[in-house]
Amino acid sequence: MSNKPAGQLAATDTAMLLDDPQEWSAFGRPHGRAAADMPPTQTAWESHVVLEGMHCTACALTIEDALRQVPGVSDVDVSAATRRARVVWNPAQVLPSQWMEAVRKAGYRSIPAMDALAREERRRENRRALWRWLVAGFCMMQVMMYAWPAYQAMPGDLTFEMEQLLRWASWVISLPVVLFACGPFFSSALRDLRQRTVSMDLPVALGMLITFVVSMLGTFDPTGPFGREVYYDSLTMFVFFLLTGRWLELRLRDRTAGALEAVMNRLPDSVLRRTAAGDFERVATRRLKLGDVLRVLPGEAFPADGRILNGSTQADEALLTGESTPVAKQSASPVTAGSYNLSAAVEVVVEALGAQTRFGQIVTLMESASLQKPRLAQLADRVARPFLVGVLLAAALAAAWWWPTDPSHALMVAVAVLVVTCPCALSLATPVAMLTAAGTLARSGVLVRNLQALEALAAVDTVVFDKTGTLTRDRLAVTGTQLGPDAGLTAMQALALAARLAQHSLHPVARAVVAAAEVLPPHDDSWLVGAVEELPGAGLQALGSRNGQQGEAILRLGSVAHARVAPAEGAPQQVVLSAEREGRVTELARFDLSEELRPEAPAVVQQLRDAGIAVELLSGDHGLAVQRVAQRTGIDAAQGACTPQDKLQHLQALQAQGHLVAMVGDGLNDGPVLAGAHASLAFGKSVALAQSRSDIVVLGDNLALVAQTLLLARRTMHIVRQNLWWAAGYNAVGVPLAIAGYMPAWLAGLGMALSSLLVVLNAARLARTAGGDAPANAHAPFSAHGPVGVV
Amino acid sequence: MDILYLLIPLSVVLVLFVLAGLWWAVYRGQFENVEQEGERILRGD
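Chains as they are written, first to last, in the numbering used here: chain D, 317 to 1107; chain S, 46 to 90.
I should point out that these hints are in silico values taken from the structure, not numbers from a laboratory.
Just so it is clear, CB atoms sit at the ideal spot from N, CA and C, and this is done for glycine as well.
Do not rely on the hints blindly, as some may be mistaken.
One-sided and incomplete, this derived list gives chain D residues near chain S with beta-carbon spacing under 10 Å [unchecked claim]:
#1 Asn442
#2 Arg443
#3 Trp447
#4 Met461
#5 Ala463
#6 Thr475
#7 Met478
#8 Val488
Assemble the whole structure, with the sequences as input and the hints as a guide.
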């Protein structure tokens, strides 16, 4: 430890700081059950790190292997698409600095995923990538100019000295390309050699090296065995194409799969906190405590859950509710972490922080999802390594075949084979599409907890709504009025009269009556109502008199018993209005009540049917209400009065018939049913994120999101299949062409760059979808941490 | 045509100068936040 070079020492020191248990919660959390109430050193930890120097999926495998070999590390997930790793480790056996050292030895850098740090690192990496790309591009243009005379000149036009001079100049200009711009290819190839593994940079680096050496020999030893041909133009060109592909791919990935990350990294790094003296100072968000008073400026995100003390503003809560209209916030309104303050500075008192906030729960869900490897991606990873070995063999064989004819040409054929193959497209095909879809959904308020679920959801042919509550709002509505036999007033008057009693109560039934009366046209209302009182659990009672009639009557609105009338047989939920005059009770009207249907429900059911999906409704409510909801939404197969066991049996029966079923529930007490389905969606404003076991959580209050999610899942799988076919087809055509010698090295470079670019571009189509990603962005155009969506 | 023997080495030197200029631009952050300048008009401060 003591005799390390200075630079390394500094890096290790930073890592040692992370060994302090106090720091662990900054980039991870205790792992496993009951971990929260044990001391930090007694329990396993799950930490997240950002990885630097990763280029493709093969790198992810290398890092995973390196970490798994560290004793004390029990589980590792590395995501190539987000360049993050999740490490589960046991403080009794290993400390963060030690497993980070293992990553460093494998040739990568790991940075704890504290986001300010990661963002700085990413900027530096971006600059270096851009700089490499510019060097390659500019040098390529210049080398082309020096190469041009040799292509144009007739024999004898160019003197030998002039040709040598041009070659020298090309060589000088190629040097920065080979030594600097190709750096990432060479360093990762070296790393692979040291690890005795093969990854996608090895063939490419080998190709670059061979081309450069052959050209150099042609320049300095024109009489040697490789002839006097030079390929500086091919070399610089394919390096440039490869770097262009990498650069664009990086940007696109940041934009699309990065949309997930943009959502996760929404909290500001620092915030204005009121000091004891009463003025405001800027402190790191991590240092906040409960009860702190913060000033949140317009355009900033709220850093914690809290309540407004001073001021009023509007907040964009699209992430948390899926609702894109800004919500007005006055003094004492609650605000949620991760939502944006849109219009004015407000002072907020902190009530919940970090993982306790709803935002914290959302982030936990999304982080675990973005690290998963979908089944198809795992398959591609398994294929990638043997494929690369095959490529190396094919290149060697092609070179051996052409060698007797022309050694120089033989080497260039081998180079073309090495450069043209693109396992990257193959291994990017699935994860990039799925992460893009998850990012798009996240922006409209749908969280994918399990990427595999997108594949399952794309295949379903039956959607079962597990609760009446998923199709209705949780409030009641008056659906009909039946006048009593000798009421002596019109239905409209009866409703208006009932409303005048009901407006004194907050009971859901009373509010439904008031809401129904509010939309009545103006009419003759001749009642005087006074002395309204509410009898809790029964109904309302008042004294009323009608103009032009003698004596007051006791008006009652409520249950049948409260209104003192005879119960009706088999009637749905009703509320009764009656009048009692001199001991004689007259029934004035009965109002039918039912749960209010979501206005979008029939359209959503229709949309699902148009997509060829059967829709069913299973509910614990009594049969008649369920039938009515089913009728109004257009669902044929509805079953009421189901116990959870009934639902599970019905689900299993459907599955036994070969149907693939998605369940839509509220995610609360329908656990076994949701778990039994192929794909499950929890829907509703009140979904408890922490307990919910469903694959997909719809945060908003809009049923249309359910249909949109399903359709997007289908499109995602469609695009995954396209990507896989394209990647496989490209390699199947490109490699034989290169072996046959029909493919110059520069064309091979272009082909490879384009093929992985095409995969990412194709996936990027998923980012542009119907369903409100635009409004969320539009509100906070200047926010430094605004969503990175496709603008 | 003899002038080419001077001009070609000169062009190599020129390339190196241009690369130095690009390096400066990249590391001064000239290519980052390119939207920022346009947005500045709309900002209040």
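Right, here's what the structure says about each hint:
A least Cβ separation of about 8 Å between Asn442 (chain D) and chain S falls short of the 10 Å threshold, and the interface hint therefore holds. Because the beta carbon of Arg443 (chain D) sits about 6 Å from the nearest beta carbon in chain S, less than 10 Å, this interface hint is met. For Trp447 (chain D), the suggested interface contact is upheld, since its CB lies about 5 Å from the closest CB of chain S, less than 10 Å. Evaluation of the Met461 (chain D) hint against chain S yields a held restraint, the C-beta minimum of about 8 Å falling below 10 Å.
With its C-beta approaching chain S no nearer than about 13 Å, Ala463 (chain D) sits outside the 10 Å limit, and its interface hint is violated. Interface hint status for Thr475 (chain D): upheld, as the beta-carbon distance to the closest one in chain S is roughly 9 Å, under 10 Å. Taking 10 Å as the C-beta contact cut-off toward chain S, the hint placing Met478 (chain D) at the interface holds, the least distance being around 7 Å. A cut of 10 Å between beta carbons decides the hint on Val488 (chain D): the least distance to chain S is about 5 Å, and the hint holds.
Of the numbered hints listed earlier, the single one contradicted by the structure is hint 5.
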